Amino acid sequence: MESITEDLKTRIISRDSDEVGICFINTREKNNSLSSEGVYTFKELSKLSASFIKDTSSLCENFDSVIGSNDGSNYGARENPLYNGLWVAQGMLGKSATKNLGKRILLFTNNDDPFENADPVTKADMRRTTIQRAKDSQDLGISIELYPMSRPGEEFNLNIFYKDMITMEDDELSNFMVGAEKRFEELKARMRKKLFQKRVVRKITFTIANGTSIGLGTYAMVRPATTGKYEWLDSTTNKPVKSERALICTDTGAIVTESTKRFTHYNSKRVLMTREELAEVKKITDVQLRLLGFKSIACLKDYHNLRPATFLYPSEEAIKGSTCLFIALHRSLIRQKKFALAFHGNSTSPHLVALVPQEEIVNEYGQVQPPGMHMIYLPYAEDIRQPEKVINLSKGGVEIAAKEHIDKAMALIKKLHLREFTVYDIQNPALQRHYSNLQALGLQEDTVEEVEDCTLPDEEGMKRPSIVAVVQAFKDTVYGADHDQEEAAAEAERAKGSVTAQKRKAAAEVATKESEKYNWRQLALDGELKKLTVVELKYYLAGKKLPLSGKKEILIERILNDLGM
Amino acid sequence: QESLVFVLDVSPSMHPYLHHVSKATAAVLERKLFNHKNDEVGLVLFGMEETDNDLRREVGEAYEGIVSEPITLVDGELVTKLRALPRGCYAGDYVDAIVVATDMIFKKYGDGKKGNKRICLITDAQSPIKEPMEGMSMMEQVEKIAEKMEDHGVKFDAAILRMNEEKRESGSESTEILENLASRTHGEVTTVESPLCLFGALKPRTVTPTTLYRGDMEMTPGARIKVWVYKKAAQERVPSLKVYSDKAPQSDALATHVVKMDTDYKSSDDPTVSIPKAQRAKGYYYGQQLIPVTPDMELSLKFTADKGVKLLGFTEAANIPRHYYMKEPNLFVPEPGNRKASLAISALARALKQTNMVALVRCVWRQGQRNVVMGVLTPNLSFEDGIADSFYFNIVPFAEDIREFGFASFDDRPASQLPSKQQEEATDLLVQMLDLSPSDSVESLQPEKTSNPVLQRFYHFLYLKSLNPDALVPQLDETLKKVIEPDFSSEHIEKLQGLCSQFTLKTKNSTKFWKDRIEAAAKDDDAEAKPDVDTSGSGLSFDSFATRQVEEVGSLNPVQDFQTLLARRDSDEWVGKAIQGMKKIIIDLLDSSYKGNTYDKALTCLAALRSGCVMQEESKEFNDFFRVLADKCQGKRLSDFWDAVIQRKLTLISKGEVSDSDVTEEAALAFLTSRTVKEEPTTAEEAEEIDEMDALLGEAV
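As they're listed, the protein sequences go chains B and V.
Taking my numbering, the leading residue of the first sequence gets 1, the next gets one more, and so forth.
Taking my numbering, the leading residue of the second sequence gets 566, the next gets one more, and so forth.
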């Protein structure tokens, strides 16, 4: 049950349009559309909601009182809860309003021999009909996945029954149990991540030469994940509010219904432009993607980037033969270590782009990296800045490392080497926190599930003596042996504050001392304050850190205010 | 604010390029007129026949052939002057011209004026320089000028024209002099190989860099390096203009014509009540449910992080492929004036370079920031004196940001789609032929030297409009066309065609883009629908009908709705919605059919769905549906519908059409025939199933 609840919690975020139903077999109570024995439909197929998850998780505690289990012996010998369960599940899936999505039955059981207690006469028949039922479901496009759980001291034996039901090849069989356990763990520990369906962002034609074009599909493979859309609610009723926008003319206060003109001040005149003109200015070419030439990979610098890259894959749909030319080009680029430079004539922001080929990588789990090209958006001259040249205006000097420094740095790099690092290891802590907040608020949980911030470095690991030694060696060589003391001294100097700050501090001390010589309350009561000089009055104010500005009357008033009179 | 003096060489050797120079310099001013209208600009021309400058007037001799225009606020008049540059007839001396320009700046501003002061020289450096004054070497004289410029905070930029390949080698002495001047004053010397580069070489403004972060980079808790972080690239966009209101009367000279946007949030129960900001809460979707999160809650629950840059470790550069870079890059430089920091960064950067590794860092730029960024540091080694080694910084994605889509392997493609040996040789030749970086030092269309053509055209249009409100949008400048179109010699074109002819590419007629189709359909509809609506006289205006946002596939006009939805690009979900909606319509049509009266419409819908799925590469969606449909129809009440499907040869989407389909072309074809053959047994099984169900129900009852 816990795994299911966890799965539901991730599913509601990752695929919020999925529909889920839950049904138990071998139960004491019965509740299902066909009134079959031993089957209890706990939740009909529906889209996920917080209450669905809440009900499911609370069921863990009161399962016995609500549904209860049955070891199978209490039914009549002809009853077959597994068969009934499949039948009911199939019925549930069949009723679903949205047709033709991927349909799956996940079967959780720890009973490797479901017909153990059956009448020997009907056993064979039961076995046959159940297998037939499973086959029928599969023919209808419903896949059945088995999650076997071993009983204590007893390995789940697939051979007794299930291998026939879910039809497996022999070689798959041996790996199945291992795989199943892994899947079980995965079900529990999946990351909360909004999943996207593979979808073409845009179909474009890539013009290689006049008269030679190929069709491409563009895909967004890397895009910053956001917290998702929100709507404004009225916090007293929690109902959505409607936003109404109006354009108001500031000169007359009239509401502007349509405005096709834009304006700006230019060359000390007001210049008007229509929306169409603006669009025309921006549209500098009709060609969607135009090849300009090829450059060696070294020309693509690390700062030649503006936004996430777009993935390109050939499409035969518009132009037949596109794939062939694309593959040939792809292979040539890889062979010659080049990238293609092209102009991407997108109407909103046309750019020079680098088309960098990517080779396919496949490992035993499947495709790690698809074959295709990445389109990297390049900056223009006016976008690139040279801060490294400008900031060294400030004097002080610059040092370039010698071999001894570099060697120490290399040792450090070797020690702090993250082997087999992938970005898949690091989740966005802000986003995960958002999801766990939503979950806590949605399910009205008392505590927000703690989210581990996996962006933090392994500080414990960095305290290991071998690492500390390497770091110290680097520091000693580069900073000098006395660095820490020097830093501490500089820090102490800074704590004292600047010269003016020190002066101010000293003045305040004097004022406080002087101010103690007077009995201010008595002076105020006697109306003697105005007899004091401005300098004397300021002792009080400075001592209390009040403003010192203004004429004598203002100073007196300020003192009286402070005394509460 | 900036003061800029253009020093332009107009001597005879420059004549072929002068029109490029005038276009490029005018373009700089056209931009300044927009957002830097307080900038001041002066002009010095050298190599002229006449002589007209302050220094000549004072000294009475020398400074021959130099004409200066005083420094004034940037205005249209100066643009006009630059657009019609005079041609000189003598070889001019650029050193003298620089002296004149420097003198202009001193006289105008003295020592006091803050802000950027800049001299920008454009020359081909072909003319000889006069012997310096007696007792001084050339270098000493330049040294003196540099010192003076440094004292007054004047920056010196130069663009040296080297468009003629034969002359590339000559004038190296000049280059040395100019580079010396530039590096002393932190300016830049750009070698300009093509007119296009000239546009990129002239910077319309000097950006004073501002730091994003100043503080420690923590390698381990005990070891820190003081760094400053700057932007390395920032996209300059077409400025957004203000919305214009024509409500104010024409005669009102003081009218601002400004439009204000007013947003009001109304209660859904009572539209007259508006909800103040404090009473609004954000509602986030949790499944189908909206979870209200008030600003207070958000503040207390949201993630916060402490300011700082922490090193996670080092990894092989190959683990962070180039396409992971998410945003505009930054630059990590050592704290200025801190020798230790510059040494530490230099040591690390050089070690990373040698080992081909990169550093991973976690950055929080401001205290209490609501998110963190993960980034990668790559070395940026300095080859110039006085410039420190630094790191480029690029943001890398989190696990959530990466979408794992599978694509068919190239090796699995049908043989017809794989290139032959000759074809691969052809592309190999193509790549060699169109090489833009034939050697290390030569690179065309370098981003650093390529100006944004859209911005150039936008500002030029603004300028034309300011002169004449009815001006038309100008053509893109010929020079800048090279950014969007390659410029091949005719010999190249011929070769290119030869190479391309190795491939057979066939454009399919039916494959217009959705938008085009809808436009075409809309045109047809326009013609037909308009009279209808006009005569109907109902309250519904055609406009409101046409602009209605399609949100689902309706039963009235499903094909058009479907196509409109597919063309919607404002959200990912429309495609899914469209496909699901269409399927439902088809099923509903079949379910409600009476003697086949809805079959035609259902068939049209099915055909539309199929082509839609091909376009969107949703082969699985269609194929699954198609199989279910087959089950539903064959041998049953709807079998006549299936016959019609077969007749129209609608079948599964095959690999040939959409690469990730799991159906081969043969299998797709076979699907229709095999199904008809199998008809008998399926019916039998089906019947059995129904019996079974009856039995079951009977039992239950």
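The hints are simulated quantities; they were obtained by calculation from the structure and are not laboratory data.
Hints may be right or wrong, so weigh each one.
Label-pair distances were calculated between CB atoms; the ranges are [to be verified]: (1) V/LYS602 to B/LEU272: 14 to 24 Å; (2) V/ALA1232 to B/GLN369: 54 to 64 Å; (3) V/GLY1161 to B/ASN31: 38 to 48 Å; (4) V/PRO860 to B/SER51: 19 to 29 Å.
Covered, in the sense of this in silico footprint (three residues per stretch, anywhere, with C-beta under 8 Å from a C-beta of chain B), are these stretches of chain V [stated by the list, open to error]: (5) 860 to 870; (6) 1152 to 1165.
In silico DSS-like pairs for lysine-lysine, Cα to Cα no more than 25 Å straight-line [said to hold, decoys possible]: (7) B/LYS283 to V/LYS905; (8) B/LYS301 to V/LYS768; (9) V/LYS672 to V/LYS709; (10) V/LYS1142 to B/LYS283; (11) V/LYS768 to B/LYS282; (12) V/LYS1185 to B/LYS320; (13) V/LYS1071 to B/LYS320; (14) V/LYS672 to B/LYS282; (15) B/LYS282 to V/LYS1047; (16) B/LYS320 to B/LYS301; (17) V/LYS847 to B/LYS47; (18) V/LYS986 to V/LYS905; (19) B/LYS203 to V/LYS892; (20) B/LYS229 to V/LYS867; (21) B/LYS283 to V/LYS1046; (22) B/LYS320 to V/LYS1214; (23) V/LYS892 to B/LYS282; (24) B/LYS414 to V/LYS918; (25) V/LYS1197 to B/LYS135; (26) V/LYS867 to B/LYS54; (27) V/LYS672 to B/LYS135; (28) V/LYS1073 to B/LYS320; (29) V/LYS905 to B/LYS463; (30) B/LYS269 to V/LYS1197; (31) V/LYS1214 to B/LYS389; (32) B/LYS229 to V/LYS842; (33) V/LYS791 to B/LYS403; (34) V/LYS1142 to B/LYS203; (35) B/LYS269 to V/LYS825; (36) V/LYS918 to V/LYS867; (37) V/LYS905 to B/LYS414; (38) B/LYS415 to V/LYS602; (39) B/LYS239 to V/LYS709; (40) V/LYS602 to V/LYS768.
Everything numeric in this text was worked out from a predicted model, so none of it was measured.
Backbone N, C-alpha and C define an ideal beta-carbon position, used for all residues, glycine too.
Holds or violated: are the alpha carbons of V/LYS672 and B/LYS135 at most 25 Å from each other?
violated (95 Å)
Are the Cα positions of V/LYS986 and V/LYS905 separated by 25 Å at most?
violated (57 Å)
With a Cβ-Cβ cutoff of 8 Å, does the region 1152 to 1165 of chain V contain at least three residues near chain B?
It is violated: at least three residues are needed, and the region 1152 to 1165 of chain V offers just 1 whose Cβ sits closer than 8 Å to chain B.
Quickly compare the C-alpha distance for B/LYS283 and V/LYS905 to 25 Å and report which way the hint goes.
violated (50 Å)
Taking 25 Å as the top limit, are the C-alpha atoms of B/LYS229 and V/LYS867 close enough?
holds (16 Å)
Does B/LYS320 pair with V/LYS1214 here, judged by a C-alpha cut-off of 25 Å?
holds (20 Å)
Quick check on a hinted range of 14 to 24 Å for V/LYS602 and B/LEU272, using CB atoms only.
holds (18 Å)
For the pair supplied as a hint, V/LYS867 and B/LYS54, confirm whether the alpha-carbon distance does not exceed 25 Å.
Within the cut-off at roughly 23 Å; holds.
Just to be sure I understand the hint, the distance between the Cβ atoms of V/PRO860 and B/SER51 should be within 19 to 29 Å; is that true here?
Check passed, 26 Å falls within 19 to 29 Å.
Within 25 Å, alpha carbon to alpha carbon, are V/LYS1142 and B/LYS283?
With Cα atoms ~31 Å apart, V/LYS1142 and B/LYS283 exceed 25 Å; violated.
Check the hint pairing V/LYS892 with B/LYS282 against an upper bound of 25 Å on the C-alpha distance.
Holds, at roughly 23 Å.
When you check the alpha-carbon spacing of V/LYS847 and B/LYS47, does it fall within 25 Å?
It holds: about 22 Å lies between the C-alpha atoms, which stays within 25 Å.
Comparing the model with each earlier hint shows violations of hints 2, 6, 7, 10, 14, 16, 18, 27, 30, 31, 36, 38, 39; every other hint is respected.
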